[in-house]
Amino acid sequence: MSDESIATDNSPAKAGRLLLKQLAGKQRNRLLLAVGAGGLATLAVIVQWYALATLTYSVIIQQQPLIEQIRFIILMILSLISHAVLTRVQEHLSQLASLHARADLRAQILSAWRQTSALEHTQRSPGAAASQLIEDVEAMDGFFARFWPQQSLALLTPLLIVIVVFYYNWLAALFLLLAAPLIPFFMVLVGMGAEGVNQRFFKQRQRLAGHFLDRVKHLTTLKLFAAEAAALTEVNARSQDYRQVVMKTLKLAFLSSAVLEFFTSVAIASIAIYIGFALLGSITWGPAADITLFSGLFILLLAPEFFQPLRNLSQFYHDRAAAIAAAGHIAPYLRPESRVQRAEADFQTSTESKLAHLTSLQLTIGYTADKALQGPLNMELTTGQCLVISGASGSGKTTLLHTLAGYLPALSGSVMLNQRPIGTEPIRYLPQKPWIIHGSWADNLQVLAPKATRKQMQAVLVQLGLGNLILSRNNGLDSQVNEHGEGLSGGQLQRLALARILLSPAPLVLMDEPTASLDAQSRQYVLTALTALKPNCILVISSHDADVLALADQRLLFTEREAG
Amino acid sequence: MFLHSKKHDSGMWFWLKKVLDNQQKRIVIGLLLALLTTLSAMGLLALSGWLITATAITGLAITAGSVVLLDIYRPGGGIRFFALSRTVGRYFERLHNHDMVLRVIAGFRGTLFRGLIDLPAHQLRSTRDSEWLSRLTADLDNLDSLVLRLLLPTMTAIGSVLLLAIFIGFFSFALGWVFAVIALLSGIGYFSLLTHKTAHISALYAEQINCARLVSIEHIQGQLELQAAHLQHSHQTQLEASLKQIGLSQLRLNQHIANAQLMVSICHGLFVIAVAIVALLAYQNTTMSGPVAVMLVLAVFGLAELLQNLPGQIGQWGKTRYSAERLRPLAQRQHTQQLAVSQLERLSVMLAAHPKVTCTMETAIAFELTAGQCLLLAGRSGSGKSTMANIMAGLEIPDSSISHYQLLINGIPLKAEQTASWHQQIAYLTQQNSIIAATLYSNLTLGLEHVDEQQLWQALSLVELDDWAKQLPKGLHSWLGDTGSQLSGGQARRICLARLLLRETKLILLDEPFNGIDGEMAERIWQRLYLQWQEKMLIVLMHEQPAFFPAVDNQQMFEINLDQS
Chain X
18 MSDESIATDN
28 SPAKAGRLLL
38 KQLAGKQRNR
48 LLLAVGAGGL
58 ATLAVIVQWY
68 ALATLTYSVI
78 IQQQPLIEQI
88 RFIILMILSL
98 ISHAVLTRVQ
108 EHLSQLASLH
118 ARADLRAQIL
128 SAWRQTSALE
138 HTQRSPGAAA
148 SQLIEDVEAM
158 DGFFARFWPQ
168 QSLALLTPLL
178 IVIVVFYYNW
188 LAALFLLLAA
198 PLIPFFMVLV
208 GMGAEGVNQR
218 FFKQRQRLAG
228 HFLDRVKHLT
238 TLKLFAAEAA
248 ALTEVNARSQ
258 DYRQVVMKTL
268 KLAFLSSAVL
278 EFFTSVAIAS
288 IAIYIGFALL
298 GSITWGPAAD
308 ITLFSGLFIL
318 LLAPEFFQPL
328 RNLSQFYHDR
338 AAAIAAAGHI
348 APYLRPESRV
358 QRAEADFQTS
368 TESKLAHLTS
378 LQLTIGYTAD
388 KALQGPLNME
398 LTTGQCLVIS
408 GASGSGKTTL
418 LHTLAGYLPA
428 LSGSVMLNQR
438 PIGTEPIRYL
448 PQKPWIIHGS
458 WADNLQVLAP
468 KATRKQMQAV
478 LVQLGLGNLI
488 LSRNNGLDSQ
498 VNEHGEGLSG
508 GQLQRLALAR
518 ILLSPAPLVL
528 MDEPTASLDA
538 QSRQYVLTAL
548 TALKPNCILV
558 ISSHDADVLA
568 LADQRLLFTE
578 REAG
Chain H
132 MFLHSKKHDS
142 GMWFWLKKVL
152 DNQQKRIVIG
162 LLLALLTTLS
172 AMGLLALSGW
182 LITATAITGL
192 AITAGSVVLL
202 DIYRPGGGIR
212 FFALSRTVGR
222 YFERLHNHDM
232 VLRVIAGFRG
242 TLFRGLIDLP
252 AHQLRSTRDS
262 EWLSRLTADL
272 DNLDSLVLRL
282 LLPTMTAIGS
292 VLLLAIFIGF
302 FSFALGWVFA
312 VIALLSGIGY
322 FSLLTHKTAH
332 ISALYAEQIN
342 CARLVSIEHI
352 QGQLELQAAH
362 LQHSHQTQLE
372 ASLKQIGLSQ
382 LRLNQHIANA
392 QLMVSICHGL
402 FVIAVAIVAL
412 LAYQNTTMSG
422 PVAVMLVLAV
432 FGLAELLQNL
442 PGQIGQWGKT
452 RYSAERLRPL
462 AQRQHTQQLA
472 VSQLERLSVM
482 LAAHPKVTCT
492 METAIAFELT
502 AGQCLLLAGR
512 SGSGKSTMAN
522 IMAGLEIPDS
532 SISHYQLLIN
542 GIPLKAEQTA
552 SWHQQIAYLT
562 QQNSIIAATL
572 YSNLTLGLEH
582 VDEQQLWQAL
592 SLVELDDWAK
602 QLPKGLHSWL
612 GDTGSQLSGG
622 QARRICLARL
632 LLRETKLILL
642 DEPFNGIDGE
652 MAERIWQRLY
662 LQWQEKMLIV
672 LMHEQPAFFP
682 AVDNQQMFEI
692 NLDQS
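From first to last, the protein sequence lines stand for chains X and H.
So that you can map any letter, position 19 of the first sequence is 36 in my numbering, and since no number is skipped, the others follow by simple counting.
So that you can map any letter, position 397 of the second sequence is 528 in my numbering, and since no number is skipped, the others follow by simple counting.
Honestly, I wouldn't trust all of these hints.
What the hints assert, rightly or not - Quick list of in silico lysine to aspartate or glutamate cross-link-like pairs, EDC-like style, CA-CA up to 16 Å:
#1 K375/H <-> D564/X
#2 K265/X <-> E251/X
#3 K637/H <-> E499/H
#4 K546/H <-> E527/H
#5 K637/H <-> E666/H
#6 K220/X <-> D249/H
#7 K38/X <-> D336/X
#8 K234/X <-> D249/H
#9 K148/H <-> D249/H
#10 K156/H <-> D202/H
#11 K148/H <-> E635/H
#12 K667/H <-> E527/H
#13 K149/H <-> E338/H
#14 K268/X <-> D249/H
#15 K375/H <-> E155/X
#16 K234/X <-> D258/X
#17 K375/H <-> D495/X
#18 K472/X <-> D460/X
#19 K551/X <-> D570/X
#20 K265/X <-> D272/H
#21 K667/H <-> D694/H
The set of hints was computed from the structure by calculation and includes no laboratory data.
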């Protein structure tokens, strides 16, 4: 398995780059202002070191009393403060850009979630989806807040400095410029190195973390089979292997940053020695004769500033790699495979007083076109009627419900609710395992019945036999329903889910095995509620329960089809 | 910072102590390399400043006609040396420190795993929660800041400032002293403030992330219901609010760091100016030569490179501390003496009340089993079968002997310290399949040593998996688990059953053994297994008794129904 996973497909990286470009494009103004502030900060630095060089020159060479040069000290302090403040402004602007870019991306993800079929959502790990929305987007901060502005500043700042140095000594400027064409070359080198390392690093790291998590997840099993000591040895051995592999790649990757360091050092050293010889009078050609302690010191002070932005850029390179990786994960999910057309706002049902009609014509259902599960189905249901589907597991009961809910496109034929395609009007769907959120009973009802009043909630809960359970608690409706429904039986949870439907009726209600694996008491309450619900809507239920079948006006019995 | 942290940040100190105990030598080497790099950078600039000032003065003197000698080759050599030592130092510093951090994290991972092993079973059970797990790795990742961003940079900064102060003191004792005291005091003062402020926001930020994560998971889980009702958007407003909170906290955190950067660069600039003024004044008073004055200014100037990254690194304090504290209780070893349990002859269970089992004082469950007997525990889902199985496996042990349930081995209650020994005597098939990410071979031989391959094939054939295993690309050494071959629920179940067949234990405990296995195959497998395990104590927990089970005779075959109790 190691061979397959090392071979990298660069298409997610490409999609990631495109996504980042699009996001940065929308923050262009803020980011460019940040670069502008950074450029001004460079000017402030130039002024600051100009003042220091002048001060030193006039005191040491021109032998002027320090007290007379006070204006240079003030200039230095002022430029120092403006440099710091301008850098702070740069940071503030780029942080804001990052904040907005991430908010923008999250809005895009949420919007894509709304357009993705619920069925597609159920096939994904909710934890992975949450990580994408939260951690992956957070991982992009460095790209906008640090890397993007630095990318421009790594060109702008050295350019400004080299112009100033050129004015005083073209030969020293040449030294810097000699390094300059090498710099893009090294940036590419550093970049390629960093990206390659980052990808490998990321994979290795994921694999190591995956192994660790797997062993922790199965720790009870490991303990039951007395294999925990072996697992500990394995965890330690894996960590050591990982370190050795990573260090092998880092040895190379760090070389590229050492080269940058080397150029910085060599440029400073050669400029210092050149200036030294020139001042001594040992060099007479070129601009050497014009060098004074002032220009020499000034150039020397500017040399580290010339290289600093590049060093920063190489430091921020991992921000870029991390952002590209994260964006690569996200990009495919922004374009869901099966888009569902949903009204953005809650749809006002215009058919409240009228009868609703559900019609299907020559409908075939299934997941892939070459393997229809059932069909062609023709049905016609109006408000007050109930359809019960039964059949063996795998025969397509839930598939039909998903098709009627609009989560799954029909393979052929059509389904219409009130002469409109399914999905245009809100309906109710009750899956086999009800959805319970972390919160109170009221929160749990409100989340799917936003218009229900507390009085209505209480009445419906009493109607479903949950009155005693809730009223016996101190906080009534505000008492917490435990996250995993602990302390409540499956039947009680099912009744809670049913309460939501009673509180917010819709023209079509779909239910998947509402009475399966319920205790006798719960089952009775559910059946009563179904009877109460029936006159006001179209009920489509998948069930084997004889009492549910008794409610049916129409029945469908699915038998398994041979594939092919 | 680290001194006062000992008292307050016990989590941080716990992990730091581990590093200091195990990696002392490497930390010292890492620190020396970091100091070499920083001092080389400062030396390069300082010596260059000295050189050009000295040559400028000498050059002027020569033009004026005097004969002055200046050795330019030795400082030139020094400059070249520093240029080289800075490059080499940086390279090896990065290499060495990354290696050390990987070692440190490897150690932490081991410590954490060892601590988790010692965690009582009921606490461990929550580890099936994938959220809990992913937080565990995120926290572990955060701990690498401890050395790389907190310990080494602060120590390097303090070391460099002190060495620089000594260097300055060499030329002007008073200036050196004043520099050291002001630099260290302002540094420590400001960074204490920064850690203090960011610690709170970091913890808040981490909590907000967890909260948003919970809401988004709920959002995805509720899609079937929300999408049908067109209520996705209204549920998203809650999510949007918590996402906004995350953004704002993160912005606040970064702003604190940026403010610290602002303060640091202003302080550093002021230091350069102050040293310049004092040095130039000393030059005018002829207590200091011109080249030395410029050298000192440039040495302080060279400190910028080091200080620039410090606020960002110290800003990780809060996040690191939060993670350190969360992981600490999990990594703590519980030093319990493990006791052996006697050879199982007679197993008895008494259960009068348990929050997860449907029985009361009147309908208490009590049974006793000896070798060769089989017990069927029936009950619908939710009646507490799995809890019963966990009690019998010693995963749930009552706190005191007056509890309402008890597991007795040969008439003696099982103690918590005996669980490891008890696990050696039982083979327990848990309700959920547990396939670890490893080869088929490792999965089958979990906890066993030197298993004959022949035995494995025999076990596989009893559960009708031998043909399947033969056609796998690498046979017994094919990879299973999340990243490996896809297993159907039935295949996973049968692998778990085969795993039990390889073990020589007296008690076999099966919780829903035929989950995911169709009726006919279940019958065939049962016939073979029953034959295999006839001599043992067998307890099977199922929602209903299948037709192929032997009839209850209350001699060899017993039944208890939890629904009727």
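Tested hints:
1. K375/H <-> D564/X: 49 Å, violated
2. K265/X <-> E251/X: 21 Å, violated
3. K637/H <-> E499/H: Roughly 14 Å separates the two Cα atoms, so the pair holds.
4. K546/H <-> E527/H: Distance of about 10 Å is within 16 Å: holds.
5. K637/H <-> E666/H: Status holds; Cα separation ~8 Å.
6. K220/X <-> D249/H: 30 Å, violated
7. K38/X <-> D336/X: 15 Å, holds
8. K234/X <-> D249/H: 14 Å, holds
9. K148/H <-> D249/H: Violated, at roughly 21 Å.
10. K156/H <-> D202/H: 40 Å, violated
11. K148/H <-> E635/H: 43 Å, violated
12. K667/H <-> E527/H: Violated, at about 23 Å.
13. K149/H <-> E338/H: With a Cα-Cα distance of about 27 Å, the restraint between K149/H and E338/H is violated, given a limit of 16 Å.
14. K268/X <-> D249/H: 38 Å, violated
15. K375/H <-> E155/X: Given that 16 Å is the threshold and the Cα spacing comes to 12 Å, the pair holds.
16. K234/X <-> D258/X: 22 Å, violated
17. K375/H <-> D495/X: 26 Å, violated
18. K472/X <-> D460/X: Holds, at about 14 Å.
19. K551/X <-> D570/X: With Cα atoms ~11 Å apart, K551/X and D570/X stay inside 16 Å; holds.
20. K265/X <-> D272/H: It is violated: about 20 Å lies between the C-alpha atoms, which goes past 16 Å.
21. K667/H <-> D694/H: Not OK: K667/H and D694/H at ~27 Å, beyond 16 Å, violated.
Hints 1, 2, 6, 9, 10, 11, 12, 13, 14, 16, 17, 20 and 21 from the earlier list are contradicted by this structure; the remaining hints agree with it.
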